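J.: Quick mapping for you: the protein sequence lines, in order, are chains A and B.
Note that this note's numbering gives residue 267 to position 96 of the first sequence, counting from 1, and the numbers run on in steps of one.
Note that this note's numbering gives residue 171 to position 170 of the second sequence, counting from 1, and the numbers run on in steps of one.
No wet-lab data here; the hints were simulated from the structure.
Because the structure is a prediction, the values reported are computed rather than measured.
Note that CB positions come from ideal geometry on N, CA and C, so glycine has one too.
You may find that some hints are simply not true.
[Said to hold, decoys possible] Computed cross-link-like contacts, BS3-like style, restricted to lysine-lysine with a CA-CA straight-line distance of at most 27 Å:
id : chain 1 : residue 1 : chain 2 : residue 2
1  : B       : K182      : B       : K119
2  : B       : K69       : B       : K34
3  : A       : K318      : B       : K69
4  : A       : K292      : A       : K181
5  : A       : K318      : B       : K34
6  : B       : K34       : B       : K182
[Stated by the list, open to error] Part of the chain A face toward chain B, derived, beta carbon under 7 Å:
id : residue
7  : G193
8  : P195
9  : D301
10 : T315
11 : N319
12 : V321
13 : V328
14 : L330
15 : K332
16 : F336
Residues per chain, in single letters:
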Amino acid sequence: MTREIQWHLKGSLISACSCDWGCPCNFDARPTRGWCQGTYVWHVEDGRFGDASLDGLYMSWSGEFPGPVHEGHGTAQWIADASATGQQREAIFALFEGGYGGPFAIFAAVTETVLEPIFEKFEANIDGLDSRLRAGEALEIRLTTIKNPVTGDPEDVQLVKPTGFTSQESLLGASTLYRFNGGFQHDHSGQYAEFAPFDYSGP
Amino acid sequence: MTTAVSWRMQGDILELCSCNITCPCNYGGDPTKLPCEAILGFRIQEGSYGNTSLGGVNFVIYAQIPGKVFDGGWTLGVFLDERASQEQVEALATILSGQAGGWFEPFSGFIANPLPPKQVPINFESVDGELRISIPGVLEAGSERIPNPIPGQPPLDTTVNDMVVPFFTESVHVRRSTAVKLTDPDMNFEYVGQSANISHFEYSGP
Numbered sequence: 172m173t174r175e176i177q178w179h180l181k182g183s184l185i186s187a188c189s190c191d192w193g194c195p196c197n198f199d200a201r202p203t204r205g206w207c208q209g210t211y212v213w214h215v216e217d218g219r220f221g222d223a224s225l226d227g228l229y230m231s232w233s234g235e236f237p238g239p240v241h242e243g244h245g246t247a248q249w250i251a252d253a254s255a256t257g258q259q260r261e262a263i264f265a266l267f268e269g270g271y272g273g274p275f276a277i278f279a280a281v282t283e284t285v286l287e288p289i290f291e292k293f294e295a296n297i298d299g300l301d302s303r304l305r306a307g308e309a310l311e312i313r314l315t316t317i318k319n320p321v322t323g324d325p326e327d328v329q330l331v332k333p334t335g336f337t338s339q340e341s342l343l344g345a346s347t348l349y350r351f352n353g354g355f356q357h358d359h360s361g362q363y364a365e366f367a368p369f370d371y372s373g374p
Numbered sequence: 002m003t004t005a006v007s008w009r010m011q012g013d014i015l016e017l018c019s020c021n022i023t024c025p026c027n028y029g030g031d032p033t034k035l036p037c038e039a040i041l042g043f044r045i046q047e048g049s050y051g052n053t054s055l056g057g058v059n060f061v062i063y064a065q066i067p068g069k070v071f072d073g074g075w076t077l078g079v080f081l082d083e084r085a086s087q088e089q090v091e092a093l094a095t096i097l098s099g100q101a102g103g104w105f106e107p108f109s110g111f112i113a114n115p116l117p118p119k120q121v122p123i124n125f126e127s128v129d130g131e132l133r134i135s136i137p138g139v140l141e142a143g144s145e146r147i148p149n150p151i152p153g154q155p156p157l158d159t160t161v162n163d164m165v166v167p168f169f170t171e172s173v174h175v176r177r178s179t180a181v182k183l184t185d186p187d188m189n190f191e192y193v194g195q196s197a198n199i200s201h202f203e204y205s206g207p
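Pulled out of the complex, with its shape left as it was, chain B reads as follows (with noise of 0.2 Å):
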């Protein structure tokens, strides 16, 4: 049931996943290898449910994906920022299980398998215009720029518009993974130099 509280919620996104560099699946395709073990950091700099601000909360989704990602199937869970109040807290539960609008709505159809949401230390830093993230002992994630393959070039930075995916309402920059490293005791899972996205979101509902 989608609630009438109207919410909207601004900032920064980094997307990590198993996928080569470009993950097929934000262009539609299938992903390079399976299963998809993904990571999506959120750093709302500005936003609201109803009369509650989340300005300045952070939340990372982690999941493990069995096949096609639009096929289901998934096992997902979620950090919440341990700064967020009770208040903060019960608007984001309802927002991310998708019982506000927006695109969290139709993906809650794809979790087969939700894990407890977790309220832990985020750090989400932006360095040089590149995005990190790390929750002490649980994970290390973190975007750099793909190096040039001309020698003495500098690194590019080419940008996708409008890709498949909701989560990204603004131009992307596609990216590399320094790491994402995930050592929570639900889901484990580590790479480095695959694909990753960074950009901005905006979303509201319902």
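So that you can see chain A by itself, here it is in the shape it has in the complex (with noise of 0.2 Å):
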């Protein structure tokens, strides 16, 4: 149910994954591996749920998936950051649970468990594929461009998703440290990573 809410958040997306290189959910094939485990940052910019602000906060959500994403049966955990105020602490919570759409609705939706969230303070350094990210003991993310296996040049890669739900167009890299520590344990560093601008809204 989308309750009548007015927000928005705009900013930064960060993520990493357990896929190569490409990852193939991106085009709706099935994670490398068969099963995913994955990390999503946002650094919110420009933000606002109902009255409060919601301007230069972090917020994580980390998951893991026998299959696809789609297929659901996830165990999450969401990292809030502990510099939020009360009310920003609510506001944050009500668009995790889902009921007022964004992403958020359709992580709750894939979601079987969702594990008490971590509140931490995050430490970045937002700058494209060369962004790195730490969420105390719980979160630790670190992107690099992909090299040009021959020349050794940057590698400057664009996906363009018109569909995508967490974003449209992202520039694609790796990680070179991914590490989430919380109520499940994620260590992917050299796999898949992304950056992306992300803009949602409800409702």
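Please dock the two separately framed chains into a single complex, following the hints provided.
T.: As structure tokens, then:
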């Protein structure tokens, strides 16, 4: 059910997962290893939920799925920005629960088990495929551009997916580090990563 | 040695291989299984090598790669269009062997076992935006859109710009194979539903 609160979020999205470079899931194919483990991190540059400004906040969603994400049965855990005020936390959790639409509603629909959220301070340097971020001991991601295997030059690979639900145009890269250490653990350093602008709103 | 004859060609390209969708090698990664077996089909719409026109000529590269793509050791063969004239065959042989510059030049260094080129009838068709190649008795290959995992939704057309490999010079439409069946005496393999990509190409040299 979508409720009538005006909200919008705009900023930068960083993602890393267990798949090979390119990530088959981008193309509606099965994940590289049959199962999926990954994390999305949103840095909100301009955001509002009702009366609450969400400018400058970070939030992340880590999930693991026995098959492709769209087949569901996922387990997921959110990290909320420890610097959020009480009003901001209420807004963030309202979105996370999935009742206000956006990609959060899709994540909620495919997730069977949602673990208790983690509160952490995010430290980040958001800079395209050179971005790096850390949320305490719970999450660390460092991105890199893919290097041409022959010339060694950095590659500028762009995904264009008008129907994408987290973003529509992404820069495709790799992680040099991707570790999640919450209610479940991921270490998929060196695998797929992406950087994208996002712009969501509701209702 | 690179010859000084200037050349150019543009047209349609179909790439099919043994990898799962989407072939990681196109992003600079490693094949999903070994050996990597691949077909690259080209339909030249317009082109020239010196004074020789190359328009309307098809060619197909087929390869088996034992390990990481850019570690070399490739076994590679070429099918040239039987309609190609002697001048066109010589021009393409010079270009494809890397003696006339362009991306074929660095790629020639990866080939350990070149197979003798063959002139055969190559049918290269576009059907509803998808590409099909048929060499009677030797090769059947084609692309199709990947079905949408959400029931009732149309298949998607997700594209990638600036893939790492040099042979796609425009946006690549990521697809899956309807078939890749090669039954040549020198090499044979068969895959269905694996990585496929379609795009346009525009190359030049030296």
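J.: Decide, hint by hint, whether the structure agrees.
T.: Tested hints:
Simply put, K182 (chain B) and K119 (chain B) have alpha-carbon atoms about 17 Å apart, close enough for the 27 Å limit, and the pair holds. Between K69 (chain B) and K34 (chain B) the alpha-carbon distance is near 10 Å, which keeps this suggested pair within the 27 Å criterion. Proximity of K318 (chain A) to K69 (chain B) is assessed by CA-CA distance (about 15 Å); at most 27 Å being required, the pair is judged to hold. A hinted pair counts as satisfied when its Cα atoms are at most 27 Å apart, and K292 (chain A) with K181 (chain A) qualifies at roughly 20 Å.
For the given pair, K318 (chain A) sits about 21 Å from K34 (chain B) by alpha-carbon distance, which is consistent with the 27 Å threshold. Between the alpha carbons of K34 (chain B) and K182 (chain B) the distance comes to roughly 17 Å, so the proposed pair stays at or under 27 Å and holds. With a cut of 7 Å, the hint placing G193 (chain A) at the interface with chain B holds, because the nearest CB-to-CB distance is about 4 Å. Residue-level restraint check for P195 (chain A) holds (minimum Cβ-Cβ distance to chain B is 5 Å; threshold 7 Å).
Taking 7 Å as the C-beta cut-off, the interface hint given for D301 (chain A) is violated, the closest approach to chain B being about 17 Å. Interface hint at T315 (chain A): violated, since its Cβ lies 11 Å from the closest Cβ of chain B, which is beyond the 7 Å cut-off. Because the beta carbon of N319 (chain A) sits about 6 Å from the nearest beta carbon in chain B, less than 7 Å, this interface hint is met. Restraint check, V321 (chain A) versus chain B: the minimum CB separation of about 6 Å is within 7 Å; hint holds.
Interface hint at V328 (chain A): satisfied, since its Cβ lies 5 Å from the closest Cβ of chain B, which is below the 7 Å cut-off. Because the closest C-beta pair between L330 (chain A) and chain B is about 6 Å apart, less than 7 Å, the hint holds. Of the supplied interface hints, the one on K332 (chain A) holds, with its beta-carbon coming within about 5 Å of a beta-carbon of chain B, less than 7 Å. Nearest Cβ of chain B to the Cβ of F336 (chain A): about 11 Å, over the 7 Å cut. The hint is violated.
In this structure, the hints that do not hold are numbers 9, 10, 16, in rising order.
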